[in-house]
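S.K.: With these hints in hand, go ahead and build the complete structure from the sequences.
Every letter in the sequence shown is one number past the one before it in numbering that gives the first Met the number 0, and letter 863, counting from 1, is 862.
It is worth saying that the hints were derived from the structure and are not from the lab.
Since the model is a prediction, treat every value here as computed from it, not as a measurement.
A portion of the hints provided could be inaccurate.
As the list claims (entries may be wrong) - Heads up, simulated DSBU-like pairs for lysine-lysine below, C-alpha to C-alpha not over 35 Å straight-line: (1) K463 with K515; (2) K661 with K622; (3) K715 with K396; (4) K715 with K452.
As the list claims (entries may be wrong) - With beta-carbon atoms standing in for the labels, derived distance ranges: (5) D23 with D353: 39 to 49 Å; (6) P1080 with G775: 53 to 63 Å; (7) D583 with S424: 26 to 36 Å; (8) E942 with V723: 51 to 61 Å; (9) E942 with E759: 34 to 44 Å.
Virtual Cβ for every residue (Gly too), placed ideally from N, Cα, C.
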Amino acid sequence: MALMIPPVKLKWLEHLNGSWITDDSESISTREGVSVLYSKLLTNKEVVVLPQQVLCLKGPQLPDFERESLSSDEQEHYLDALLGSQMALAKMVCSDSPFASALRKRLLVLQRIFFALSNKYHDKGKVKQQQHSPDNNSGSSDLHSVSERPRSSTDALIEMGVRTGLSLLFALLRQSWMMPPPPGPGGLNLCNDVIHTAMDVVSSLPPLSLANESKIPPMGLDCLTQVTAFLKGVTMPNSGADVLGRRLASELLLGLAAQRGSLRYLLEWVEMALVASAVVSTMEKEKMKACLLNQEGLIGYDCFMNILMQMRRSLGSSADRSQWREPTRTSDGLCSLYEAALCLFEEVCRMASDYSRSCASPDSLQTGEAPMLSETCEVYVWGSNSSHQLVEGTQEKILQPKLAPSFADAQTIEAGQYCTFVISSDGSVRACGKGSYGRLGLGDSNNQSSLKKLTFEPHRAIKKVTSSKGSDGHTLAFTTEGEVFSWGDGDYGKLGHGNSSTQKYPKLIQGPLQGKVVVCVSAGYRHSAAVSEDGELYTWGEGDFGRLGHGDSNSRNIPTLVKDISNVGEVSCGSSHTIALSKDGRTVWSFGGGDNGKLGHGDTNRVYKPKVVEALQGMFIRKVCAGSQSSLALTSTGQVYAWGCGACLGCGSSEATALRPKLIEELTATRVVDLAIGDSHCLALSHDNEVYAWGNNSMGQCGQGNSTGPITKPKKVVGLDGVVIQQISAGTSHSLAWTALPRDRQVVAWHRPYCVDLEESTFSHLRSFLERYCDGINSEVPPLPFPSSREHHNFLKLCLRLLSNHLALALAGGVATSILGRQARPLRNLLFRLMDSSVPDEIQEAVIETLSVGATMLLPPLRERMELLHSLLPQGPDRWESLSKGQRMQLDIILTSLQDHTHVASLLGFSCPPEAPEALASSCGLDPSYGAPGTNPDTHLAEILMKTLLRNLGFYTDQAFGELEKNSDKLLQGTSSSDSSQPAHLHELLCSLQKQLLAYCHINCVTENSSSVALLHKHLQLLLPHATDIFSRSATLLQESSWNGSIREKLRGVIYVSAAGSMLCQIVNSLLLLPVSVARPLLSYLLDLLPPLDCLNRLLPAATPLEDQELQWPLHGEEIEL
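M.R.: Here you go:
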C-alpha cells in the first residue's frame, strides 16, 4: 500500500480578505515566498489538511492466461485495464513530488487572493447608484421647496415697492453725478451724501451683523445684491461718478463685505480694487485727466484701517503685525486702493493659514503634538436630572441649555442611562447620576449627585467612554493604548469577562481582545461591541435576534470575532440591533432585530449576519448611530439619513416608519458634522456650531424650552446662540453640548469669517486671479496694476497659498470633491501649465505644494483620468525624455491614484466608479446598461491602458538589455542610473489590473465569449511573445558572458521586474484555475515560450540542484522541504 497526497478542506474567512489583498502576491514566483503564504493559510485554518486516505494498489482481476484461451478483444480489454491502473498509480504518486507540491500551494494561494479581490471590489451585477439617485434628486428639489416658501400678495407688493424704489434711487444718483456740484464751500453732491449716510450706518453696526444670511429675508438679500452691483459699477473711473463718489463707493463696498463676513465678498472687493487700479494706471500712462489723477484710485486710510482692525479683533488676532504691510497714508488722509487691496488680501491669507494650522487633527492630538485651542471648556446641559446626572442641585428637568460649571474641565462627555461620564484632558474619568448595578464604576450602586473620579487598575488614561441608553446599565471604556475596560450590569455576558456577574469597578477585558488595539467601542442595551485597529469587529452579550452577527441567537460572554466582515472602522449598538461602518466609509452593515425597519434593508426581518445596507451604497458615510427603534447615518457632505420608526426620523410625524434610509429634509440646508442618538431623541451639530434636536421631548431633552410632545422635525436648540459648540452627547433622556475640540474627528469649519469658505465661489475667484495675472509672468513689465515683478509674484504666491489652504481644509474635513464644482478641471490644467512654464522658482515651489496637497481633489473622474493617462504615457522609447516636468508630475499623481483596488475594479468594469454616486453617470462615461445582470463589463479603455503599460515596460526592459549587452564583456559595478530605472507605478498598476482580471475570470467561471476573457486573451497574446523574446535574449546574453557573474546578477533583477518575471509566473499558474476553453487559445503562445525558457534554465546555476531534488524524490519516498 502507498499513501495518497493529503486532501484539504477550504474555508475562506471574509474578515481576512483585507490582509490577503495587501499581501505581495508576486512572491509566489519563488518557492520561499509561496511557502510563507501557504503557511498563513494553514495558520488561519483557511486550509485544513484532511486525514490521509489509503491508496489501494490492487489492480484489475486478470484471467489465468495459461489455462484460458482469450480472444483478441478480451486481451485488448485486460491490457487497457492494466495500463489504466498503472497510469492512475503513477499520476497519484508523482503528484506529490516537490514541484507538484509547490504548484498546488501556488494555486491555493492564488485562489485565496482572487476570492478576496472579487469579494471586496467586484459588484457582481449590482447597480449601487440606483438606491440613492432618487434621494439626491428629491433632496435638491426639497431643499428649494423648504427654502422658498409661497409668497403672499402683501410680500409681492412690498418686493415690487422695494425693487422700484431702488431702481429709482440708482437712476437719481446717476443723474445727480451728471449735474455740476452745488456752488459754495462744502457743497456735497446728492449721490455722495446718500453713500456717505449709508457708510455711517454700516460702520455703526456690530461686527458681522450681516454674516448669517439664513436670518436675512430673501428680499433683504436681493437688495444687498442690487446695491453691491450698483456700487461696483460706480467704482470704475469711467462710471460717470466723481472722484469722491468713487472713493465712497469703494469704502461702502468694503464695509458691506466685512459685515457679511464671507471670503467671497472680500475677494470680490480685492478684484474690484485691482481692476480699478489697473484702469487708473492706464490713464496715468496715457496722461489723461492729469489734473484729477492725483485723487484717482484712493480710499480713506482711517476707514480702511478701522475695517481691518475690526476683522482682526473679531477673530482674536494677537499675532505680531510687524511683518505685514499696511498702506501708506497720504497727507490728506488717503491711501492707494491698490495697496489697500494687497494689504487686505495678505490679511485674509494669513488668517486662512493660521486657521489651517490650528485645525485639530485627531492624530496630532493623540500624540500630544497639537495644543488645545481653548484652555477652558463650557458645557451646557438640559433634559432629565432625575438622578442628578446633570449635577444640578434640583432634580427638576431642565428645559433649555444651562451652563454647568461642574463640567468645566471636560474634554469628552458620555451621556448614558440617567448617568454622565466626563473624561478630562489627562485621561481621568469622573461620573455622576444613577448608580444602580454599579454602572458608574465607583464601587457601589448609589446615586452620585456630584462628579466623582473612577479608579482604573492597572492605571490607564481613558480615551472614550460609552454607556448603554437602556436595560440595566453597563459601561465600556477604551484607553489611549487601545485596551478595553467594562463595568455595570453583567447580565447576558455583556461585560465580556466570561460570566454574567455585576462589576462595580472598571475591569480590564482579557481574552480575544488581549493584544488588540481597540479604536471604537459601543454599549448597546444588552450587548456590546468593539472594533480593533486592524478592522476586526468583536461582539458579545445577549444574542437573540442575531444582534451579535454570528449567524445565530446564542449569547456570548467574551468578545467574539464577527467573521463575515473586515475593514470595519466604527460600530454602534442599539436596543436589539447593531450597525457597523467600514474604514473607508463606503459600506454600512446592519444586523439583529429588524422590527420597524431599523436595519434599513427594506423589510422587518431579523438578520443574523452582517448585511450591507444597499440604500447607502455609493455614498461616503462618516458616522452611524443606533437608537432604540431607529438608526442614523451622516454622509461626508453633511447630510443625515434616518430609518426605523418614530419621531427620530425627523420627517414631521411620530408615527412614521421608514424601512430604508431616508434623507432628513429639514437638515438639507445645513451641513452636519456630528450626530448623537439617545434612547429616542437625536442631536445634530452643524458646521457653524449650531445644535439641532428632534425626537422624544418628554423630559425637555430636545432643548426647546418645553416638554410638550415629541419634536418631529429637527429644530435648533434654544439658548446656544454665540456659543461655539464642538461636541454633543445624547443620553436616555438628557443632553449635553460643549466647546472642547474633539479628539476623535477632524474639526474643520466649512466657513470661517473673512478667510475660509469651502464652496465653489472661492475656487472660482482664485482661479480667476491666477488666470488673469499669470499671463506675462516672465515679462520684464508686470501686468497692471502691479508696479514691480516682485509684487506681482508675491500676489500669485498668496493666491496659491490660499488655494492650498482651502484644498487642505477640504481634505481634512472629509469634504466631497464635488465642492469644487466646475473648477476642478480648469484649476488642474492651470496648475500643470504653470509647472511647464519657465516661472520663477518661488512660484513653481508654490505650485508643486498646491498640487501635492490637493491632488486627490483636483483629479478628474476615473474614466477621464484613464484617458488622460493613456495620452500622457510615452508611446515610444524616446518619448519619456520628451515629457515636460508638469506632464511627469501629472502622470505620477494619476498612476498613484489608480493603484487603489477600487479604481482598478472600476477601470475593468467590475464595479461602479467611486465618482458615480456624486455625479451623473454620463459624466463618468458609464454605459447605461452598466451593472445590469447578464451584461459584460466594458473593457475597451482597460485594453488600451494595459497595452500602453505593457509597451512602456517593454521600453525599459529593452533599454536595460541594451545596457547589459553593451557591457557584457566588462565587470559591472554599482547600479544603473536612476534615469533609466523603471517606474514602480507602471509595474504595480499593470500587475493590479492583471490580478483583478484573473480574479474575475476565476470566481465568475467565465466562458470564452466573455468580454473579460477577450481582454485576457488580447493582453496575453502581447505579453507571452514579449516574454519569449526576453528569455531568448537572456539565454544568449548568459552564453556570451558566462564568465561574468555581475552580468548574471543584474540580469536576474531585469527579468524579475519585466513582463517575463514574477508577473508571468502569476499568470501561467492562474491559467490552471480557469476553464480549459479559456486557456486553449493561448496554448500555441505558451508552447513557443517553452524552448527559450528551457534553454535559459539550463544556463542557471540553481537549475541543477532543483532538477536533482526532483529526481531524487522517488528514491526517498517523501517530500523534500521547500
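S.K.: Please go over all the hints and tell whether each is borne out by the structure.
M.R.: Do the hints match the structure? See the list:
no.: 1; hint: K463 with K515; in the structure: holds (16 Å)
no.: 2; hint: K661 with K622; in the structure: holds (15 Å)
no.: 3; hint: K715 with K396; in the structure: holds (19 Å)
no.: 4; hint: K715 with K452; in the structure: holds (33 Å)
no.: 5; hint: D23 with D353: 39 to 49 Å; in the structure: holds (44 Å)
no.: 6; hint: P1080 with G775: 53 to 63 Å; in the structure: holds (60 Å)
no.: 7; hint: D583 with S424: 26 to 36 Å; in the structure: holds (30 Å)
no.: 8; hint: E942 with V723: 51 to 61 Å; in the structure: holds (55 Å)
no.: 9; hint: E942 with E759: 34 to 44 Å; in the structure: holds (36 Å)
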